[in-house]
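Visitor: Each chain, letter by letter, is given below.
Protein chains: 2
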Amino acid sequence: MSRHHSPQNNATGEQAVLSFNDLLAAFEAQFNDRLFPKNPATLYEAVEYSLSNSGKRIRPILCLMANNLMGPVHLDAFLAANAVELYHNFTLVHDDIMDHAPLRRGQPTIYKKFNTNTAILTGDTLLLYVFEYLNCIQGDYKQAVTATFLEAALAVGEGQQTDLDMEAMPLSAISYTDYLDMITMKTAVLLAASLQIGGMIGGAGEEDQEHLYAFGKNIGTAFQIQDDYLDCFGDQVKFGKQICGDILLNKKTFLLLKTFESATPAQRSHLEELMADNTIYKIAPMVQLYKDCKADQWAIHECQRYQDIALRHLKSISVPEAHKQALLSLTDMLLNRAH
Amino acid sequence: MSRHHSPQNNATGEQAVLSFNDLLAAFEAQFNDRLFPKNPATLYEAVEYSLSNSGKRIRPILCLMANNLMGPVHLDAFLAANAVELYHNFTLVHDDIMDHAPLRRGQPTIYKKFNTNTAILTGDTLLLYVFEYLNCIQGDYKQAVTATFLEAALAVGEGQQTDLDMEAMPLSAISYTDYLDMITMKTAVLLAASLQIGGMIGGAGEEDQEHLYAFGKNIGTAFQIQDDYLDCFGDQVKFGKQICGDILLNKKTFLLLKTFESATPAQRSHLEELMADNTIYKIAPMVQLYKDCKADQWAIHECQRYQDIALRHLKSISVPEAHKQALLSLTDMLLNRAH
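Protein chains in written order, with our numbering: chain C, 1 to 339; chain P, 340 to 678.
With the rest of the complex left out, here is chain C:
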């Protein structure tokens, strides 16, 4: 929390736009400076563990990039980026309890490695530290930034509850629109808010803030559709996840929802039969059913459609096109993975 990244100007005095790797290095350097207490060790060892297995830092980097769109990266943007990253880790710790997930990024989850009670308290502690960072923001936008963050965080919780509700519902009871709303709240809204907050701190006007939010939301939706597609049709080596894990677990995904929606009555019956089977033998016929219902082509098309909407919003932001290069590269990195 102690370092301020001063503007990097090129030879002509114009503002330089920092790359993903520049911002990641700057983010990590100050994020790893955080000092948690040592005691009780049973709590803070779990808190440290929850942050040791770092993810891709997409949300904090989006916040910093949106800030950098508007000018040199401000210290307040780092504080907000830390808050967003801690919040994301908080959701993982509590979601893993709720989803009974034994592993996260290949390591035992907190509730498995420690216990459920410590996992609840670890999440609660991370959530309090989110506000330690937000409370250090100095600019006039502090109240607006905090309000934007809170709105997104409440939506994420609502999305998680809706996801739990939908897991217990039959496919026939879930509309595609409800599913899309749920996924948007659970995942896309935090990306959107991270970008908006970075922009706010950089002095973006209301319209530019709205474009940043919409850019993030559409990128988030495209990413989620792509994620579901890759689990089923991706290259296992490149993608790095078990292929068709979603099918095996009967997970409700865009592909499953779309297939059910498009299916003939006979195909629906077949789909329901396959879902009643808990063996790997259901995978191949389910993939075939997805193809027969053209869910694979739909996913490729929808992913591109959301990406196009996102890029139109990025284009509408009233800063020189050259400043948008980092966000364009990040979009490309996120949305052109392995298909």
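FYI, nobody ran anything at the bench for these hints, they're computed from the structure.
The beta carbon of each residue, even a glycine, is placed where N, CA and C say it ideally should be.
Wrong hints could be hidden among the right ones.
Chain P regions said to be covered by chain C (calculated; three or more residues, Cβ under 8 Å) [as the list claims (entries may be wrong)]:
no., segment
1, 433-445
2, 483-495
3, 500-507
4, 591-601
Position chain P relative to chain C; hints supplied.
Guide: Frame of chain C, contents of chain P only:
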């Protein structure tokens, strides 16, 4: 959040100090104004339920009283009082999961009435709403108030983890000092912070803030010792709890810790034998052991000693004595219950 309680002046133009009942009525009127969303109903019904079974509102009233010590009650003090009350309810929802508590104030707990996942999300949502209120504070003290709140909230979580750790430890491994520290963090620190925050918003100087904090912390410790005493030696009708529930559950209390500390080797063996018995037949001999080790007299003495320290801090606050009447009455109400 919409009402501002303007100063109530008496005929001579002096500030009137509001009573517990006045402040409680004012608090309830605006606290019940809160508007949660309706959907997802599975989440917000649980959130509403968690607040429907209201407690004694001690923490928010302490915040308002401390504010009223310094002058008319400020709208920001109501915002802080709401935050403190929501935070307290958040801790109950998550603690009840951790403690496997089926009932709270005679009603099923959230995790029992709904389920564990919804209880986790209900707590998380309440904690976010804490910051919705704190973020609406307008005065220059906003950052300091939030920092004071966060320090207390982190201590409460640390106290809860330490409590869980101690539950799993043998009596011989727990020192009286460690137990006192744990209880202070888990319960007294939030009372202390509620008072300090009310004072800060009223413009109290640093010394007065420290006295308010110390007043609350000592009242909290006295209250906890009294609570343990009354569970064992109180009048069941007046106290309204099952007598000796703590003994039946082998709960680590001030009485048990103090008895173990003062006991002869023979008494320690007897105590350990009794703790190995899970029937009601252990209650009478355990109460006798507490008396033999004079833990009952110790508790009365310590409760009075902490109360005296608290009152010395209250006396040191640099406002007219007449303004302190409401806090004195509340102290009396809390600490002279049934013994």
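Visitor: Next, verify each hint and record whether it holds.
Guide: For each hint, the structure was consulted:
1. 433-445: Per the Cβ count (3), the hint holds.
2. 483-495: holds (count 5)
3. 500-507: holds (count 4)
4. 591-601: violated (count 0)
Of the numbered hints listed earlier, the single one contradicted by the structure is hint 4.
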